[in-house]
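S.K.: Here are the chains, one letter per residue:
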Amino acid sequence: MNPTRKRRLTIVVLIVAAAALAVGLGVYALQNNMNYLLTPSQVQSGQANDYKTFRLGGMVKAGSIQRSSDSLKVTFTVVDAGGAMPVEYTGILPDLFRDNQSVIATGHMDGARFVATEVLAKHDETYMPKELKDAMAKAHADKKVSEESAQGDMP
Amino acid sequence: MSSWIPLWLHKLGSPPTFYRFAGTLRPWAMGLALLLGAIALYGGLVLAPADYQQGDAYRIIFIHVPSAWMSMFIYAVMGVASFIALVWRIKLAEVVAMESAPIGAAFTFITLVTGSLWGKPMWGTWWTWDARLTSELVLLFLYLGVIGLYHAFEDRRQGARAAAFLAIIGIINVPIVHFSVNWWNTLHQGSTVNIFGKSKMSWDMLWPLLTMMLATKFYYVASLFNRVRTDLLALEGGKDWVRKIAEDEAKS
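Chain order of the listed sequences is A and B.
Heads up, the first sequence is in the working numbering, so the first residue is 1 and it goes up one at a time.
Heads up, the second sequence is in the working numbering, so the first residue is 1 and it goes up one at a time.
Same shape as in the complex, but just chain A (with noise of 0.2 Å):
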């Protein structure tokens, strides 16, 4: 490789490296804010106080929905591992929105209570055909059974 070439080489590899190390840097120093939400245990310990509005995130649990009759307003209870929080919201739910759903709302703390401004659902990497996850809901119920049918059986 002739000096010219080689000299290019050197400048470019060195703006490219500086380049990826500045970038490197500044997402390393955003990497908090780069967090989208808070579950419902961060929120109960007190992580969110700072906050005026922020994102809750987790699953809906199940048989928490209601629906008012007269109006859009629903309840429900968000849940992760470790707590639980009564989220309130007024206006129209996506498609996914349903009983074990990751969900994330917006909004902000009205007394123990979570006002929600947007709910948004989110579904996992998964895809497959509903008669597939059907028969395996149906494996691992058979498999859970025989489970407890052996417990039952020991003295």
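To be clear, the hints were calculated from the coordinates, so they are not data collected in a lab.
All C-beta atoms in this analysis are idealised placements derived from N, C-alpha and C, irrespective of residue type, glycine included.
Among the hints, a few may not be true.
In the EDC-like style, the derived pairs of lysine to aspartate or glutamate whose C-alpha atoms are separated by at most 20 Å in a straight line are [as the list claims (entries may be wrong)]:
{"hint": "1", "chain 1": "A", "residue 1": "Lys130", "chain 2": "A", "residue 2": "Asp95"}
{"hint": "2", "chain 1": "A", "residue 1": "Lys61", "chain 2": "A", "residue 2": "Glu118"}
{"hint": "3", "chain 1": "B", "residue 1": "Lys200", "chain 2": "A", "residue 2": "Asp80"}
{"hint": "4", "chain 1": "B", "residue 1": "Lys120", "chain 2": "A", "residue 2": "Glu131"}
{"hint": "5", "chain 1": "B", "residue 1": "Lys91", "chain 2": "B", "residue 2": "Asp204"}
{"hint": "6", "chain 1": "A", "residue 1": "Lys130", "chain 2": "A", "residue 2": "Asp142"}
{"hint": "7", "chain 1": "B", "residue 1": "Lys200", "chain 2": "A", "residue 2": "Glu118"}
{"hint": "8", "chain 1": "B", "residue 1": "Lys120", "chain 2": "A", "residue 2": "Asp95"}
{"hint": "9", "chain 1": "B", "residue 1": "Lys91", "chain 2": "B", "residue 2": "Asp155"}
{"hint": "10", "chain 1": "B", "residue 1": "Lys239", "chain 2": "B", "residue 2": "Asp155"}
{"hint": "11", "chain 1": "B", "residue 1": "Lys200", "chain 2": "A", "residue 2": "Asp134"}
{"hint": "12", "chain 1": "B", "residue 1": "Lys200", "chain 2": "A", "residue 2": "Asp142"}
{"hint": "13", "chain 1": "A", "residue 1": "Lys130", "chain 2": "B", "residue 2": "Asp56"}
{"hint": "14", "chain 1": "A", "residue 1": "Lys133", "chain 2": "B", "residue 2": "Asp204"}
{"hint": "15", "chain 1": "A", "residue 1": "Lys130", "chain 2": "B", "residue 2": "Asp204"}
{"hint": "16", "chain 1": "B", "residue 1": "Lys120", "chain 2": "A", "residue 2": "Asp124"}
{"hint": "17", "chain 1": "A", "residue 1": "Lys73", "chain 2": "A", "residue 2": "Glu131"}
{"hint": "18", "chain 1": "B", "residue 1": "Lys120", "chain 2": "A", "residue 2": "Asp142"}
{"hint": "19", "chain 1": "B", "residue 1": "Lys251", "chain 2": "B", "residue 2": "Asp240"}
{"hint": "20", "chain 1": "B", "residue 1": "Lys11", "chain 2": "B", "residue 2": "Asp240"}
{"hint": "21", "chain 1": "B", "residue 1": "Lys198", "chain 2": "A", "residue 2": "Asp124"}
{"hint": "22", "chain 1": "A", "residue 1": "Lys138", "chain 2": "A", "residue 2": "Asp99"}
{"hint": "23", "chain 1": "A", "residue 1": "Lys133", "chain 2": "B", "residue 2": "Asp56"}
{"hint": "24", "chain 1": "A", "residue 1": "Lys52", "chain 2": "A", "residue 2": "Glu118"}
{"hint": "25", "chain 1": "B", "residue 1": "Lys11", "chain 2": "B", "residue 2": "Glu236"}
{"hint": "26", "chain 1": "A", "residue 1": "Lys73", "chain 2": "A", "residue 2": "Asp99"}
{"hint": "27", "chain 1": "B", "residue 1": "Lys198", "chain 2": "A", "residue 2": "Glu125"}
Quick partial rundown of chain B residues pointing at chain A, CB under 10 Å, derived from the structure [to be verified]:
{"hint": "28", "residue": "Ile60"}
{"hint": "29", "residue": "Gly124"}
{"hint": "30", "residue": "Thr125"}
{"hint": "31", "residue": "His188"}
{"hint": "32", "residue": "Val193"}
{"hint": "33", "residue": "Phe196"}
{"hint": "34", "residue": "Asp204"}
We have chain A already, so just place chain B on it with the hints.
M.R.: For chain B alone, kept in the frame of chain A given last:
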């Protein structure tokens, strides 16, 4: 001449040889792109079963995901070509880098629009400042910046070198787009298709997706070759080989 590079590759880098080579391959690439695209659309929209969670609405994945892959793939090609253009000043590399940018920008735009259309019914919003969505938007701005900078110069080759620099620096964004869903809590889902390890999609949905990926790759080749040929003619306007093509055209 470096001895480790085969002679045919050196020849391919010369504008008249590449012009002929691209002219021969282009119709085949376009034909394959159309054929595979039609198969993938039929497989995805008709043959593939509905999803257990999202029903039929998930079918936009067959456009959204291949476009997103192409938006990153084309940026990588543009970055490598820009690097070669800056260090070795090969004319063909400059042309390939600059003519990749509009195609990549188009794929990025399609990704953002289809993602938005998918996000409204499923998530409940057209847009949110999630790490994946934001980094993909930055990718679009990088493409537009490269296109803009290239055309801001009177001298095309000088413009290509300036834009190549921007393209190389912007390549840092490509891994950020790819890994954003692993590094941060995002509304966007994680990766479904994994090269290493098992994909989280059943096979009757996966094959149309992979077929569409091949179709978009061939479309890129066809579109790029067409653009590069036009650009080479314009850049080499005064040279003998271009004059000969023009004379042959005039005769027929």
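S.K.: Hints broken by the structure, by number, lowest first?
M.R.: 3, 4, 5, 7, 12, 17, 18, 28, 33
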